[in-house]
Amino acid sequence: MKVTVKYFGLVAEAAEKSEEVMELKGQLTASELKTQCLNGLSIVDKDSVQIAVNQNLDDKTTLKDGDEVALLPPFAGG
Amino acid sequence: MDKKKPKKVFVQGAIPPEKIANSVANHQSKTNIGAHSIFLGQIRADEVDGKTVTAIDYTAYEEMAEKVFHEIREAAFSKFDITCAHIYHSLGKVQVGELCLFVFTSSAHRKIAIAATNFFVEEIKAKAPVFGKEIFEDETHQWKVNK
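Just so you know, the sequences run in chain order A and B.
Number 38 in our numbering belongs to position 38 of the first sequence; there are no gaps in the numbering.
One gets our numbering by counting positions in the second sequence from 1 and adding 78 to each.
Hints are computed from structural coordinates only; laboratory data are not their basis.
Pairs of lysine-lysine residues, derived as DSBU-like cross-links and limited to a Cα-Cα distance of at most 30 Å, are as follows:
(1) Lys-17(A) - Lys-86(B)
(2) Lys-129(B) - Lys-225(B)
(3) Lys-171(B) - Lys-34(A)
(4) Lys-60(A) - Lys-203(B)
(5) Lys-225(B) - Lys-211(B)
(6) Lys-203(B) - Lys-17(A)
(7) Lys-17(A) - Lys-2(A)
(8) Lys-171(B) - Lys-46(A)
(9) Lys-6(A) - Lys-225(B)
(10) Lys-86(B) - Lys-189(B)
(11) Lys-34(A) - Lys-205(B)
(12) Lys-97(B) - Lys-211(B)
(13) Lys-25(A) - Lys-2(A)
(14) Lys-85(B) - Lys-189(B)
(15) Lys-189(B) - Lys-225(B)
(16) Lys-86(B) - Lys-97(B)
(17) Lys-171(B) - Lys-225(B)
(18) Lys-60(A) - Lys-205(B)
(19) Lys-145(B) - Lys-2(A)
(20) Lys-34(A) - Lys-203(B)
(21) Lys-225(B) - Lys-46(A)
(22) Lys-211(B) - Lys-6(A)
(23) Lys-17(A) - Lys-225(B)
(24) Lys-34(A) - Lys-60(A)
One-sided and incomplete, this derived list gives chain B residues near chain A with beta-carbon spacing under 7 Å:
(25) Gly-119
(26) Tyr-139
(27) Met-142
(28) Lys-145
(29) Leu-179
(30) Lys-203
(31) Ala-206
(32) Phe-209
(33) Gly-210
(34) Trp-221
(35) Lys-222
(36) Val-223
(37) Asn-224
Here are the in silico distance ranges between beta carbons for each label pair:
(38) Arg-188(B) - Glu-32(A): 45 to 55 Å
(39) Glu-125(B) - Lys-64(A): 44 to 54 Å
(40) Ser-156(B) - Thr-62(A): 29 to 39 Å
Glycine residues also receive a C-beta, built at the ideal position from the N, C-alpha and C atoms.
The whole structure should be built from the sequences, with the hints applied where relevant.
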């Protein structure tokens, strides 16, 4: 199955990309995908990166084909 | 109704000060309003390790942010007896001294408007997926984190 992963802010900077389509094999939770995506990136505080699945913050859900997953660094609005 | 319709929050670049005056002018015909409350966020020239911030470059997960802004609006209208509420947030580069956030609520009475504005500002800072790159005078940068 395929999911779209979006990167923002310092995560996009570290990953040197803003979006990619990933082919996943087997069942994976959002949190497991986050670990996989952040692995090897130079981000000091990986725990501060939140995950949104289809625009809702959620790291527990098991991903489905076509999901949009976003890796969100700490918010800085305002 | 004015309060139910999803509204565009993001504006490209700084929010011009004229927008604040125009917004006030646009509400003078609504005579059930007795109080407006306004919050304006301005880019501060913070100093970090001897370097000074000259601008913040804002990006956002726009689709999610618009959804979050809408949810905050819905929550504000159910929590506070406000007549209307408008929020604007910058995207892209905003120089120090310029405005990046404009929250404008109106009510019959001041306490409600002031509390509602405060609610909007705190919710936006905590929940909206907006990211800020603080740019220093030497073109280096660091990523802003809300406290």
